[in-house]
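Start from the sequences, fold in the hints, and give me the full structure.
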Amino acid sequence: MFLINCPFCGERDQSEFSSGGEAHIVRPKQPTELSDDEWAEYLFMRKNIKGIQFERWNHTHGCRKWFNVVRDTSNDKILSVYKMGEKPPVNYK
Amino acid sequence: MKNKYSIFSLIKNAFSQHENWQQAWGNPEPKKEYDAIIVGGGGHGLATAYYLAKKHNLKNIAVLEKGWIGGGNTGRNTTIIRSNYLWDASAGLYDHALKLWENLSQELNYNVMFSQRGVMNLAHNLQDVRDLKRRTHANRLNGIDAVWLNTKEVKKFCPIINTSPDIRYPVLGGTLQRRAGTARHDAVAWGYARGASDMGVDIIQNCEVKGIKRNGDRVEGLETTKGFIKTNKIGVVAAGHSSVIANMAGLKLPLESKPLQALVSEPVKPIIDTVVMSNAVHAYVSQSDKGELVIGAGTDSYVSYTQRGSHNIVEETLKAILELYPIFSRMKMLRQWGGIVDICPDASPIISKTNIKGLYFNCGWGTGGFKATPGSGDLFAHTIANDEPHKLNAAFNLNRFVSGDLVDEHGAAAVAH
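Taken in sequence, the protein lines are chains V and L.
Going by our numbering, the letters in the first sequence line up with residues 1 to 93, in that order.
Going by our numbering, the letters in the second sequence line up with residues 94 to 510, in that order.
Bear in mind the hints are in silico, worked out from the structure with no lab data behind them.
A virtual CB, placed ideally from N, CA and C, is assigned to each residue, including glycine.
Certain hints may be false.
In silico DSS-like pairs for lysine-lysine, Cα to Cα no more than 30 Å straight-line [unchecked claim]:
| id | chain 1 | residue 1 | chain 2 | residue 2 |
| --- | --- | --- | --- | --- |
| 1 | L | K319 | L | K124 |
| 2 | V | K50 | L | K97 |
| 3 | V | K47 | L | K345 |
What follows is a list of derived Cβ distance ranges for each label pair [stated by the list, open to error]:
| id | chain 1 | residue 1 | chain 2 | residue 2 | range |
| --- | --- | --- | --- | --- | --- |
| 4 | V | G51 | L | H111 | 24 to 34 Å |
| 5 | V | H24 | L | W241 | 45 to 55 Å |
| 6 | L | K125 | V | E11 | 28 to 38 Å |
| 7 | V | G20 | L | E122 | 37 to 47 Å |
| 8 | V | D13 | L | L415 | 20 to 30 Å |
| 9 | L | D259 | V | W66 | 34 to 44 Å |
| 10 | L | K323 | V | G62 | 49 to 59 Å |
| 11 | V | G51 | L | N204 | 37 to 47 Å |
| 12 | V | E11 | L | Q115 | 49 to 59 Å |
| 13 | L | W241 | V | L3 | 18 to 28 Å |
| 14 | L | K323 | V | K77 | 32 to 42 Å |
| 15 | V | G62 | L | K152 | 57 to 67 Å |
| 16 | V | N75 | L | N299 | 13 to 23 Å |
What follows is the structure, encoded as structure tokens:
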């Protein structure tokens, strides 16, 4: 349990938000040309990192907007929050 | 077995104030090379080593455990054992495990306290009723015992359930698997460790894997906190940390690791002599032999390796428990904890070879791996020894995420997380 600083509403309890999983998985531009392996990679395979992870969150019980979060999954500390479409912060890799 | 436990050994040791019992398993330093190494000393990993030694005659094996054996999810689950799964592949897998459970204490010469007290799954709306009846039929076609109980029969089987029609989610009936039940989770790890150690398996605790050495498309060994260990067969049974190990070999798995919580109450006199689970309100409860209510809560929605979980998850579960069992309203909860579960997109496990030769994964058990411990170990040992899956775990391969042939228990499981 932790607080998330929604870029639109400010700091709120995590229970107001839904996790959208790993961020920056790009939707295939031409789905008809994808091989089965590429589909599996896009749909199912996840980095599932222990440590610093880039992920998407939705403020379900608030503004209902999506945004990105950089979080350390080994201690749930949030390191950075940035809006959809913005470049991920470069100091976390 | 070197030190067979029996009434006679108990009497004999009583004369020396129980001070001369031998250690149940050894504590060796790792050798330079093994024929096979199992990464993860939980129930599944120890069972794998046990069956590799017992059935496949592989004696030069090590089990590496970064903490202490059975200290991960094996010691953190709610000990429920059942096999009433919907799909044929799952029914085969889980009932294989259940049959091994039925004889496990004798097999291991170690009392795992397997108690077939029955598991009841409740239905709270018409869709639940249809789904659970369908599952009952599917189970019976697969030779798995299952019966449908109406509300009156539910009440008769477990009198403390509130079956009043005016509660928020009234009980409309339920299914019962009488062969299902619980076991002592620690004893399972200890029993397999003792059995494996007895056959010469090295159980190495406090030894964390730091890297996997590859030579092209095959494995050559493991970098560990106790140095490099050579081997050409690695079986990874690392539960929530499976992806971490996979990343070391440059593999990605279809897993997300999330905290799953459980809690126990203060001990009380026997009040519930079965296991009751409810999917719709997400609550399940049983009573341990010590008298504690053992309550399982849900998973958090986000990836985390913190082994704690959020308070609101526990709150939701306890709300449901209180509505279903008003008698528990003044119980105090003693302990709460979390374990990291590795969840597959289809909520079925992976017991599989990989595209790297000599690297095998047994993972993705998600929220319900304990029940499968003996079967999982048996089938994973078969897969490692023969470099081919057994017919019971053939469907649980890694390639199903490419082919699309998923074993989709997510919608079918008795408790969805």
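Falls inside 45 to 55 Å, the C-beta gap from H24(V) to W241(L)? holds, 48 Å
Pair hint K50(V) and K97(L), alpha-carbon separation not exceeding 30 Å: Between K50(V) and K97(L) the Cα gap is close to 42 Å, so the pair fails against 30 Å, i.e. violated.
If you check the beta carbons of E11(V) and Q115(L), does the distance land in 49 to 59 Å? With a Cβ separation near 57 Å, E11(V) and Q115(L) satisfy 49 to 59 Å, so the hint holds.
Using the C-beta atoms of G20(V) and E122(L), is the stated range 37 to 47 Å upheld? For E122(L) against G20(V), whose Cβ atoms are near 46 Å apart, the range 37 to 47 Å holds.
Would you say the C-beta atoms of K323(L) and K77(V) sit inside 32 to 42 Å of each other? holds, 38 Å
Can you let me know if the beta-carbon spacing of N75(V) and N299(L) is within 13 to 23 Å? Given a distance of about 22 Å, which is inside 13 to 23 Å, the answer is holds.
CB-CB spacing for L3(V) and W241(L) relative to the 18 to 28 Å hint: violated, 46 Å
Take the C-beta atom of G51(V) and the C-beta atom of H111(L), compute their distance, and say whether it sits inside 24 to 34 Å. With Cβ atoms ~46 Å apart, the hint is violated.
Given the hint of 34 to 44 Å, check if D259(L) and W66(V) actually sit that far apart at their C-beta atoms. holds, 40 Å
For D13(V) and L415(L), compare the CB-CB distance with the range 20 to 30 Å and indicate the outcome. holds, 23 Å
Are K125(L) and E11(V) spaced within 28 to 38 Å by their CB atoms? Roughly 54 Å apart at Cβ, these two residues miss the hinted range, so it is violated.
Could you see if the CB distance from G62(V) to K152(L) stays within 57 to 67 Å? holds, 59 Å
Hints 2, 4, 6 and 13 from the list above are not met by this structure, while the remaining hints are.
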